[in-house]
Amino acid sequence: MRELIQLEVKGHRLWGTFHPPSSSAPRRSVGVLFLNPGHVPRSGHGGLSVQAADRLSAEGFPCFRVDLPGLGDSDGPLPEMTSELYQLVCKGGFVDVASAVREELQRRYGLEGMLMGGLCGAATTALYLADREPEGVHGLFMFEPEFYLSEQEAAAVGGEGTAVEAEHSRLSLKRVTSKLFSYWGWMRMLTRENEYARLFKYVPFPRQRLLDLLMDWDSLPAVANVPLVRAWQRVVERGMPVLVLTAEGKLRDVFFDRIHRSALADLPHPNLSRIRLKGTNHIFTTGGAIEASVDHLSQWASERFPGANTTHLPVPPDAVRPGVERVVS
Amino acid sequence: MPALTESPGYLSQGEDSLYFVHHRALTERRAAVLLAGPLGLERAHGYVVWVRWARFLAARGVEVLRLDYRGSGESTGRFDEMTFPRWEEDLRTGLEHLRRASPGVPLMVHGLRLGALLAARVFRTERVDGLLMWEPPESGRAHLMEVLRRKVAADNLEGTGGEARSREDYVTELEAGRHVEVEGLPWSRGLWRSSEGYGLAVPEKDEARPWRVVHLDGRPAERHLAPGKSRSVRAPRPFFWTTSNRLLPELAELYEDGLGFISGTGAGQEARS
Numbered sequence: 001m002r003e004l005i006q007l008e009v010k011g012h013r014l015w016g017t018f019h020p021p022s023s024s025a026p027r028r029s030v031g032v033l034f035l036n037p038g039h040v041p042r043s044g045h046g047g048l049s050v051q052a053a054d055r056l057s058a059e060g061f062p063c064f065r066v067d068l069p070g071l072g073d074s075d076g077p078l079p080e081m082t083s084e085l086y087q088l089v090c091k092g093g094f095v096d097v098a099s100a101v102r103e104e105l106q107r108r109y110g111l112e113g114m115l116m117g118g119l120c121g122a123a124t125t126a127l128y129l130a131d132r133e134p135e136g137v138h139g140l141f142m143f144e145p146e147f148y149l150s151e152q153e154a155a156a157v158g159g160e161g162t163a164v165e166a167e168h169s170r171l172s173l174k175r176v177t178s179k180l181f182s183y184w185g186w187m188r189m190l191t192r193e194n195e196y197a198r199l200f201k202y203v204p205f206p207r208q209r210l211l212d213l214l215m216d217w218d219s220l221p222a223v224a225n226v227p228l229v230r231a232w233q234r235v236v237e238r239g240m241p242v243l244v245l246t247a248e249g250k251l252r253d254v255f256f257d258r259i260h261r262s263a264l265a266d267l268p269h270p271n272l273s274r275i276r277l278k279g280t281n282h283i284f285t286t287g288g289a290i291e292a293s294v295d296h297l298s299q300w301a302s303e304r305f306p307g308a309n310t311t312h313l314p315v316p317p318d319a320v321r322p323g324v325e326r327v328v329s
Numbered sequence: 001m002p003a004l005t006e007s008p009g010y011l012s013q014g015e016d017s018l019y020f021v022h023h024r025a026l027t028e029r030r031a032a033v034l035l036a037g038p039l040g041l042e043r044a045h046g047y048v049v050w051v052r053w054a055r056f057l058a059a060r061g062v063e064v065l066r067l068d069y070r071g072s073g074e075s076t077g078r079f080d081e082m083t084f085p086r087w088e089e090d091l092r093t094g095l096e097h098l099r100r101a102s103p104g105v106p107l108m109v110h111g112l113r114l115g116a117l118l119a120a121r122v123f124r125t126e127r128v129d130g131l132l133m134w135e136p137p138e139s140g141r142a143h144l145m146e147v148l149r150r151k152v153a154a155d156n157l158e159g160t161g162g163e164a165r166s167r168e169d170y171v172t173e174l175e176a177g178r179h180v181e182v183e184g185l186p187w188s189r190g191l192w193r194s195s196e197g198y199g200l201a202v203p204e205k206d207e208a209r210p211w212r213v214v215h216l217d218g219r220p221a222e223r224h225l226a227p228g229k230s231r232s233v234r235a236p237r238p239f240f241w242t243t244s245n246r247l248l249p250e251l252a253e254l255y256e257d258g259l260g261f262i263s264g265t266g267a268g269q270e271a272r273s
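Top to bottom, those sequences are chains A and B.
According to the numbering used here, the first sequence is numbered sequentially starting from 1.
According to the numbering used here, the second sequence is numbered sequentially starting from 1.
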């Protein structure tokens, strides 16, 4: 069963979907809130968020998927370029509204707290919020989290790409040289995320060595999203249960390793679960990663947040928008 | 908070539920249109534009209903049990709902990509006053093959998806009754076979009701799918239903052309390139 929910928070009217917990599963005191992966609607790429919510609700977790302002079915302004939205998310632009959504859902459904997360941008927003409101966010699941600034911003703050970017403007063969000298171009190629990765098929390439050369594993990279890394340190330090899933060998996976090594060098992190999914891409739409990530999330949530062996309390009467249609799935 | 002008809901479709969003006309109602959107990653990437197109129409007096096909997005149902004719049924269900909700105005169907294939079939058999198609594939089979090509290219480039395979390998898998994961969705033999012979149902020459094909690649008139009934618009590349760097591409020309057609002002005009 799924129900539609309407939230009016921070001057926005937001739409979402509620997956009520199965009455035959153990009662859980926390809900699960999925946010938009990038600019994609609340169902997620390949229906990842829908499938995860269906599974977790069958295991007793009330699950929610909400479209943030401007995304999916929720009205609101959006920047013109995808990169601008990325920058907005990197800076925590959705944190206030996500916080209001969490509060409202917890109030309506009588929940003690929320597990929050999702893929890419959803992980960023959820991490900022988990750091800011540990009393409300009880757990964090991050799929392909991005700990670096946008490429443009990295250049603007004097990141590793700055020098070469300045150089590019002076060269006439900009396209060729921009690829040749671009830090991001090399990173994407070495993690097989751009068109030049096909060279590996024909030319023997010490990929890992070059990657090590580009990555100073013991210090934060200049392109790191420092406020997000600090949030990450604090969340881990507090011992919040966190699940991180990354696509093995891909850009975010490599960066996460570097952040992990340098930011958590002296921190114990017994509540951090890290799983690398083989043979998949950033959005988990190949290599069976959707099924795998649903399995991992379900296992993690059930183990970390075991339910009481009682049936569910009835859902409060104001939980459902008047006139909403309930459906059987 | 402004008045509620967009209301999502569910329609019963057998044991499943079709998710829809109804955009109410914000000015005097002059037409109603059912939007048949794309599928898979094209749905995910194109959603921002598709929703804004619905709002653009609603703000100019057009009632709009958009929906998710069964097994996709917010609708229920198993994707691996879906076929082209089943998604066509979904459109018919949405059409009936819109017809009841918007009596007395012309009722149109508008499809984008795979949605255009489905919409053309619905137009052929239903009491509908007009058909608009944006970038329709030649056939269901051609569309599936195009999506398979994207999968093969992406997997080969990124070294993902397991052992490198060709499109023909995946077709063999499908024909053998095994599921193939494509853009995160489990394609089945049923889906594959339902695409066979599922050509674009271009209306007959003597079709009296208005219909139009719009190519978004700016192609010249001699390459139009339906000469005399086609229009060519140059939309920014990469197209908004693919991985584009633009969330809100400049589509004013496309929107104005579509509005003109749907609201009737351009319906009787010969299309120009």
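By construction, these hints were calculated from the structure, which means they are not laboratory data.
Fair warning: there could be bad hints in the mix.
What the hints assert, rightly or not - To give an idea of the chain A side of the interface with chain B (calculated C-beta under 7 Å), a few residues:
no., residue
1, E8
2, S43
3, E80
4, G307
Said to hold, decoys possible - Rough simulated footprint, nothing fancy, chain B against chain A, three-plus residues with beta-carbon under 8 Å:
no., region
5, 100-112
6, 133-141
7, 231-239
Here the structure is a predicted model, which is why all the values come from computation and not from measurement.
We put the CB at the ideal spot given by N, CA and C, even for glycine.
Going through the hints against the structure:
1. E8: holds, 6 Å
2. S43: holds, 5 Å
3. E80: Cβ of A:E80 sits 5 Å from chain B, so the hint holds.
4. G307: violated, 25 Å
5. 100-112: That given contact is violated, which follows from only 0 residues of the region 100-112 of chain A lying within Cβ reach (below 8 Å) of chain B.
6. 133-141: violated (count 0)
7. 231-239: This one is violated; 0 residues, fewer than the three required, reach chain B with a Cβ under 8 Å.
In this structure, the hints that do not hold are numbers 4, 5, 6, 7, in rising order.
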